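Protein sequences, first through last, are from chains A and B.
The opening residue of the first sequence carries number 5 in my numbering; numbering runs sequentially from there.
The opening residue of the second sequence carries number 5 in my numbering; numbering runs sequentially from there.
A portion of the hints provided could be inaccurate.
Same chains, same names: a pair is fine if it fits in one copy or spans any two.
With a straight-line Cα cutoff of 30 Å, these simulated DSS-like cross-link-like pairs (lysine-lysine) come out [stated by the list, open to error]:
# : residue 1 : residue 2
1 : Lys292    : Lys459
2 : Lys385    : Lys292
3 : Lys446    : Lys292
4 : Lys189    : Lys446
5 : Lys189    : Lys415
6 : Lys446    : Lys337
7 : Lys415    : Lys337
Hints listed in this document are in silico derivations from the structure and should not be mistaken for laboratory results.
Values in this document were obtained by computation on a predicted structure and should not be read as measured data.
Protein chains: 2
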Amino acid sequence: MTSGTKAKIEMSAGHALRCIECGEELERAAAEFRCPRCGDLLEVVYPAWAESEAQTLVWASDLKATWRERRVSFQSQDASGVWRFRELLPRVAEGVISLREGNTPVFELPGSARSAGVGRLLAKHQGMNPTGSFKDTGMTVAISVARQEGFSWVACASTGNTSASMAAYAAQGGLRSLVLIPAGKIAWGKLSQALDYGALTCQLDTDFDGCLRILTELVRRHPIYLLNSINPYRLEGQKTAAIELLEQLDWQVPEHIIVPGGNLGNCSALGKGLEELRRLDLIARLPKLSVIQAEGANALVRTLREGGGKRLVAVQAETAATAIRIGNPVSWKKAVRVLEATGGRCEQVSEAEIAVAKAEIGRDGVGCEPASAVTLAGLKKLVRQGFVQPQEQVVLILTGHLLKDPEYTLKFHRRELLPDAAEGERRSLDTYRRAPLEVEAKVEAVLRVLEQAEKSHGAK
Amino acid sequence: MTSGTKAKIEMSAGHALRCIECGEELERAAAEFRCPRCGDLLEVVYPAWAESEAQTLVWASDLKATWRERRVSFQSQDASGVWRFRELLPRVAEGVISLREGNTPVFELPGSARSAGVGRLLAKHQGMNPTGSFKDTGMTVAISVARQEGFSWVACASTGNTSASMAAYAAQGGLRSLVLIPAGKIAWGKLSQALDYGALTCQLDTDFDGCLRILTELVRRHPIYLLNSINPYRLEGQKTAAIELLEQLDWQVPEHIIVPGGNLGNCSALGKGLEELRRLDLIARLPKLSVIQAEGANALVRTLREGGGKRLVAVQAETAATAIRIGNPVSWKKAVRVLEATGGRCEQVSEAEIAVAKAEIGRDGVGCEPASAVTLAGLKKLVRQGFVQPQEQVVLILTGHLLKDPEYTLKFHRRELLPDAAEGERRSLDTYRRAPLEVEAKVEAVLRVLEQAEKSHGAK
Numbered sequence: 005m006t007s008g009t010k011a012k013i014e015m016s017a018g019h020a021l022r023c024i025e026c027g028e029e030l031e032r033a034a035a036e037f038r039c040p041r042c043g044d045l046l047e048v049v050y051p052a053w054a055e056s057e058a059q060t061l062v063w064a065s066d067l068k069a070t071w072r073e074r075r076v077s078f079q080s081q082d083a084s085g086v087w088r089f090r091e092l093l094p095r096v097a098e099g100v101i102s103l104r105e106g107n108t109p110v111f112e113l114p115g116s117a118r119s120a121g122v123g124r125l126l127a128k129h130q131g132m133n134p135t136g137s138f139k140d141t142g143m144t145v146a147i148s149v150a151r152q153e154g155f156s157w158v159a160c161a162s163t164g165n166t167s168a169s170m171a172a173y174a175a176q177g178g179l180r181s182l183v184l185i186p187a188g189k190i191a192w193g194k195l196s197q198a199l200d201y202g203a204l205t206c207q208l209d210t211d212f213d214g215c216l217r218i219l220t221e222l223v224r225r226h227p228i229y230l231l232n233s234i235n236p237y238r239l240e241g242q243k244t245a246a247i248e249l250l251e252q253l254d255w256q257v258p259e260h261i262i263v264p265g266g267n268l269g270n271c272s273a274l275g276k277g278l279e280e281l282r283r284l285d286l287i288a289r290l291p292k293l294s295v296i297q298a299e300g301a302n303a304l305v306r307t308l309r310e311g312g313g314k315r316l317v318a319v320q321a322e323t324a325a326t327a328i329r330i331g332n333p334v335s336w337k338k339a340v341r342v343l344e345a346t347g348g349r350c351e352q353v354s355e356a357e358i359a360v361a362k363a364e365i366g367r368d369g370v371g372c373e374p375a376s377a378v379t380l381a382g383l384k385k386l387v388r389q390g391f392v393q394p395q396e397q398v399v400l401i402l403t404g405h406l407l408k409d410p411e412y413t414l415k416f417h418r419r420e421l422l423p424d425a426a427e428g429e430r431r432s433l434d435t436y437r438r439a440p441l442e443v444e445a446k447v448e449a450v451l452r453v454l455e456q457a458e459k460s461h462g463a464k
Numbered sequence: 005m006t007s008g009t010k011a012k013i014e015m016s017a018g019h020a021l022r023c024i025e026c027g028e029e030l031e032r033a034a035a036e037f038r039c040p041r042c043g044d045l046l047e048v049v050y051p052a053w054a055e056s057e058a059q060t061l062v063w064a065s066d067l068k069a070t071w072r073e074r075r076v077s078f079q080s081q082d083a084s085g086v087w088r089f090r091e092l093l094p095r096v097a098e099g100v101i102s103l104r105e106g107n108t109p110v111f112e113l114p115g116s117a118r119s120a121g122v123g124r125l126l127a128k129h130q131g132m133n134p135t136g137s138f139k140d141t142g143m144t145v146a147i148s149v150a151r152q153e154g155f156s157w158v159a160c161a162s163t164g165n166t167s168a169s170m171a172a173y174a175a176q177g178g179l180r181s182l183v184l185i186p187a188g189k190i191a192w193g194k195l196s197q198a199l200d201y202g203a204l205t206c207q208l209d210t211d212f213d214g215c216l217r218i219l220t221e222l223v224r225r226h227p228i229y230l231l232n233s234i235n236p237y238r239l240e241g242q243k244t245a246a247i248e249l250l251e252q253l254d255w256q257v258p259e260h261i262i263v264p265g266g267n268l269g270n271c272s273a274l275g276k277g278l279e280e281l282r283r284l285d286l287i288a289r290l291p292k293l294s295v296i297q298a299e300g301a302n303a304l305v306r307t308l309r310e311g312g313g314k315r316l317v318a319v320q321a322e323t324a325a326t327a328i329r330i331g332n333p334v335s336w337k338k339a340v341r342v343l344e345a346t347g348g349r350c351e352q353v354s355e356a357e358i359a360v361a362k363a364e365i366g367r368d369g370v371g372c373e374p375a376s377a378v379t380l381a382g383l384k385k386l387v388r389q390g391f392v393q394p395q396e397q398v399v400l401i402l403t404g405h406l407l408k409d410p411e412y413t414l415k416f417h418r419r420e421l422l423p424d425a426a427e428g429e430r431r432s433l434d435t436y437r438r439a440p441l442e443v444e445a446k447v448e449a450v451l452r453v454l455e456q457a458e459k460s461h462g463a464k
């Protein structure tokens with residue numbers, strides 16, 4: 005280790021919270037994680053970095069080597085694909101609550117690449133995290149902070165993935181958890197997780213945004229730690245996916261990274277991670293980070309088109325991609341800045357486009373939940389627009405595991421999804437639909453089905 | 005690298021298939037993977053090892069170092085937690101079909117340890133594999149062999165996990181897949197995976213054993229590669245979980261490893277892996293490997309008690325732990341030998357014991373599917389019997405992810421599971437049951453629920 009290493013190890017020693025609008029710096033946030041002066045969002049900053057910027061180049065090679073070395077260790081902090089990058093994270097003196105999150109694979113999607121019209125397509129699958137979604141990477145940081153600050157209860161409003169993750173980490177850390185979910189609007193699999201991990205789960209007759217409003221009021225009145233993505237520590241953990249991705253690409257920066265947009269915390273986090281890597285000279289330039297939304301939950305699209313990116317245009321969210329059914333995204337301003345900083349675009353895709361894209365990702369042997377598939381559907385649009393060139397390197401961020409929403413998949417294959425699709429759309433959907441066949445329990449019957457499948461495949 | 009390394013790299017050069025009963029050696033198996041002479045099971049053997057056994061001690065330290073070094077690589081074979089151990093696997097010249105399987109975490113289960121009455125309890129979570137079950141570790145090997153042998157179709161009979169895994173790997177490798185499942189008897193999540201990955205899925209009005217009988221006949225009559233666990237290459241991949249576990253324990257052998265028993269391929273595979281580690285002097289002694297079954301699918305229990313371990317006592321399987329609902333386990337003879345070789349026990353547990361154990365594993369923030377929870381339920385019995393001592397190190401093998409069967413979890417919490425449970429059982433179950441509460445969408449209403457929960461918690 006060189007002398008730069010010691011300086012580096014100190015990097016995370018001090019962090020502060022800073023308002024993204026008025027610049028107010030705080031040591032500790034109020035319960036609802038808003039700037040006490042102007043009410044805007046907070047972000048985590050590391051004042052020590054600025055003092056040490058002369059050492060940046062030393063750190064760069066040191067950090068990469070240190071992070072790499074940790075991968076052979078089974079020690080808790082090293083084995084975590086989040087805490088392995090702890091030089092760029094808040095220090096948690098009490099010890100971290102970890103489920104060995106991160107370390108997610110990058111898959112090739114050859115069939116999806118052909119369908120989108122690009123030469124090579126990669127997917128960083130955050131759905132391979134322990135509870136099946138990218139939320140785990142942020143939860144390990146925020147919930148470790150919660151315990152350090154002495155809370156015994158944590159809470160979130162959720163479309164499902166956040167509550168599953170929070171409940172698991174709370175259970176791991178010996179904390180109790182409260183979940184507010186919109187009645188009847190979250191996928192079963194996700195609800196089953198919160199219950200299994202012992203969360204106190206309340207279904208409210210409102211939407212996600214309504215749940216979040218109630219919770220924000222609740223944390224002001226009761227000592228309970230807010231774990232929605234307005235909590236900037238969540239985003240600190242989530243930013244590590246960008247670091248890990250670049251490491252997996254041997255620090256070769258792709259031209260494009262494409263991410264789903266719901267509450268917009270994830271694109272904000274990934275953007276922050278990329279900008280920090282650039283600032284510390286760990287990468288030479290920024291990839292374009294683009295955000296894709298469902299047409300029925302397109303608040304960021306409208307914020308940019310109608311509000312010029314200056315004011316939020318909230319919508320009444322409706323999409324079968326439940327993980328991004330959010331109409332009033334809390335991190336919209338951070339997301340707008342990331343799009344500006346990286347030169348990415350924001351697009352929207354239809355329900356049928358999502359369903360087809362999800363099926364294509366499945367046929368590559370990878371699979372994902374519907375919200376993740378907006379990335380491939382959006383890529384197709386960006387290629388058609390000429391924004392993505394066929395020879396450029398594109399990485400899709402898949403945010404949730406296929407098993408997060410089996411109902412959607414079954415409905416799709418049973419033709420119960422999108423029954424009113426237009427003729428052209430229905431043809432696209434039908435290409436991938438494969439309901440299970442009921443076959444007589446005899447060898448001859450199965451053999452006939454098999455031969456029929458071989459024949460129709462050969463005829464194509 | 006020492007001179008031993010080259011010899012080691014050659015270790016997997018030649019493998020053969022050998023009948024476990026009559027010892028017949030084959031270069032290539034018939035379609036149904038049975039000994040052509042006596043009809044018994046085959047296993048993969050490595051004749052080169054015997055010739056080189058003098059070098060074993062050199063290999064031992066070399067292998068451990070080589071395997072460790074590979075963990076920092078993102079190259080496909082090194083990044084796989086199976087192929088990283090390729091010196092102990094068949095060589096696949098055509099390149100492997102991998103989804104970055106293996107690399108699964110070992111979690112502490114402090115609450116479950118208290119409940120079982122042991123000091124410390126670890127769980128190796130094979131449900132953290134890409135498709136959510138341990139099947140992936142075997143599938144990557146067997147399906148790579150299938151492609152190398154020139155097959156364009158693969159097939160399996162399945163209670164769900166095998167089909168999900170097979171379909172994913174087939175899609176990855178550009179092969180087509182046929183799945184036979186018992187109508188109405190597999191968990192939805194698993195079915196949705198097979199469909200999403202594009203498998204030709206046939207529901208037959210019979211049970212798992214009936215599906216397997218039909219498929220065995222089918223592969224004799226049609227060029228389609230059989231991927232049930234009678235395929236010994238599946239077991240070769242699955243054995244790597246034992247190697248990886250020992251590596252994670254820094255090669256300190258635990259006293260006990262406990263695994264669920266359905267078709268009995270997994271305990272056979274883990275046993276084979278442990279015995280090979282011992283033979284190559286990579287570990288100094290064997291842990292006791294015990295197998296736990298559901299009472300309603302207790303073929304191995306009865307085979308040992310009524311058949312003296314000499315003849316299979318098949319049963320009509322019935323349990324809500326669908327992944328082990330198998331009455332005619334194909335690998336029973338291999339399993340009996342593993343129990344004998346390691347000194348492990350075989351036990352059975354009730355449906356209520358499974359449900360409670362599953363809930364306890366969830367409360368530790370880990371979670372699993374019902375079949376995995378038999379391990380904890382079984383451990384409690386083994387402790388009561390005095391077979392497991394409180395200070396001994398125990399590792400449970402959790403085989404499937406919580407998200408594999410959300411219906412079971414929801415039914416449990418909604419009190420729809422085991423409605424006829426006896427009074428004592430119901431009290432145990434109710435301890436963990438937490439149906440979602442329907443709460444008015446108002447801060448005050450949520451606050452009341454929260455205060456009530458704090459009060460009842462404090463009262464305990």
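Practice task
May I ask which of the numbered hints given earlier this structure violates, with the numbers listed in increasing order?
Solution key: 1, 3, 7
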